[in-house]
Amino acid sequence: MKSKLVFVLATALVAISCSKEPEVTLVSGVHLDALDRSTRPHDDFYQFANGRWLDSTEIPEIYSGYTVYHEVRENVDEALRTIIDDAASGDASPGTEARQVGDLYSTWMDTETINALGVEPVRDVLDSVAAIDSPEALSKSMAELARMGVTVPFGTYVYADLKESDRYAVYLGQSGITMPNRDYYLQIDNENFAKAREGLPVYIANMLVRTGMAEDAAAAAAGEVYALEAAIAEAQWDSVRNRDPQAAYNPYPLDSLPELGNNLDWAQAVTALGLDDVDKVIVRQPSYFEALDGIIADTPIKTWKNYLAFHVMDTSASLLDETTDTIAFEYRNRILYGQAEQQPRWKRGIQMVNGLLGEAVGKLYVAEHFPPDAKAKMEELVQNVIVTLEDSIDELEWRTEETRIKAREKLSKFTP
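Mind the numbering: the sequence shown is residues 1 to 416 in our numbering, read in order.
Wrong hints could be hidden among the right ones.
As the list claims (entries may be wrong) - Okay, the calculated beta carbon distance ranges per label pair:
#, residue 1, residue 2, range
1, S28, Y157, 40 to 46 Å
2, S93, S56, 45 to 51 Å
3, S412, P344, 47 to 53 Å
Said to hold, decoys possible - List of simulated lysine to aspartate or glutamate pairs, EDC-like, C-alpha gap at most 20 Å:
#, residue 1, residue 2
4, K302, D127
5, K347, E71
6, K347, E78
Everything labelled a hint here was simulated from the structure, so no lab data went into it. All of these numbers come straight from a predicted model, not from anything done at the bench. We treat Cβ as the ideally placed atom computed from N, Cα and C, and that holds for glycine.
Model the full assembly from the supplied sequences, consistent with the hints where possible.
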């Protein structure tokens with residue numbers, strides 16, 4: 001199976017020489033061996049630029065797609081593995097960033113302890129879900145889980161206010177489904193979507209069994225949870241409507257949120273989300289929340305509890321024991337995305353540490369692989385680009401003087 005490839009420049013850094021230095025040979029950054037010279041570029045430039053690479057490259061079993069960027073990342077991962085292994089050796093001083101990196105990686109690689117713990121690391125969260133006994137408690141639990149990163153029917157994030165760009169705003173939007181988007185639930189004539197739909201109830205049941213539920217009860221609960229997700233998906237906006245910036249910008253003062261419905265206890269949710277001091281939220285899909293209000297009213301608390309318990313497990317699976325992790329891989333990676341094999345644990349560990357302690361990992365990497373002369377060459381390259389832009393501003397005949405002044409002003413504010 002072949003993947004697509006964006007036309008890519010090689011990652012080599014070429015120093016730009018000045019008149020005082022010896023002449024250097026400039027090397028093309030284009031992968032000439034990737035070109036398909038049997039195709040004329042003006043007939044199909046993509047095939048011309050990438051054809052031989054596409055024909056000769058197989059997707060490794062641990063990936064669902066592959067590009068030259070993956071090749072670069074493979075090299076970086078190997079370098080990071082050495083660095084992080086060294087940090088995990090225990091020689092780094094306590095409290096240092098290297099020790100933090102090493103301790104986190106060592107914990108991830110301690111599969112003996114992880115497997116012995118099973119799903120107990122999330123037992124307190126599962127118990128809190130099991131204790132839900134009212135609509136008010138359901139609303140509070142959803143909001144608390146959302147803050148933990150667990151999938152629930154809504155999500156919040158902070159971003160620049162799209163109509164007041166000098167301030168940030170809290171956005172409230174639709175969420176709550178396991179498959180990638182609503183089309184998976186609704187487009188019944190799509191073969192790939194059908195496979196994902198067929199696998200989802202099995203996945204839900206397997207995860208509920210991991211919480212301690214009997215298999216028969218888990219199978220019945222999985223059908224109800226799937227039906228709930230399908231109802232949520234049907235209420236959601238499609239991707240086209242979500243891309244409409246005007247339609248998706250709907251400011252609501254906090255005391256106006258009950259206008260979207262009262263079955264979701266907004267007072268409980270706002271407090272649990274930590275939004276009491278916020279003056280407004282931007283609701284991206286108001287009609288979705290109005291529909292969700294009806295879904296909350298029509299769905300038994302027991303079904304909601306099973307839904308939330310499943311999503312606690314789904315969100316946490318990669319951090320739990322190998323049995324739970326494998327269940328998640330079989331559905332999320334193999335069925336949804338066609339990945340044939342799980343990545344080696346060390347590789348996933350590198351990605352996890354880099355995601356959580358990226359700044360610290362970056363410092364260790366730079367100290368090992370980015371010497372001062374490399375930075376100096378890059379600074380020289382950037383400065384040459386700036387000089388070239390300055391010349392371009394002055395030399396292009398179609399620009400008016402007013403435009404030149406504004407362009408020079410803009411360029412003067414560029415900070416490498």
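Now for the hints, and whether the structure bears them out:
{"no.": "1", "hint": "S28 - Y157: 40 to 46 Å", "result": "42 Å, holds"}
{"no.": "2", "hint": "S93 - S56: 45 to 51 Å", "result": "48 Å, holds"}
{"no.": "3", "hint": "S412 - P344: 47 to 53 Å", "result": "49 Å, holds"}
{"no.": "4", "hint": "K302 - D127", "result": "14 Å, holds"}
{"no.": "5", "hint": "K347 - E71", "result": "14 Å, holds"}
{"no.": "6", "hint": "K347 - E78", "result": "9 Å, holds"}
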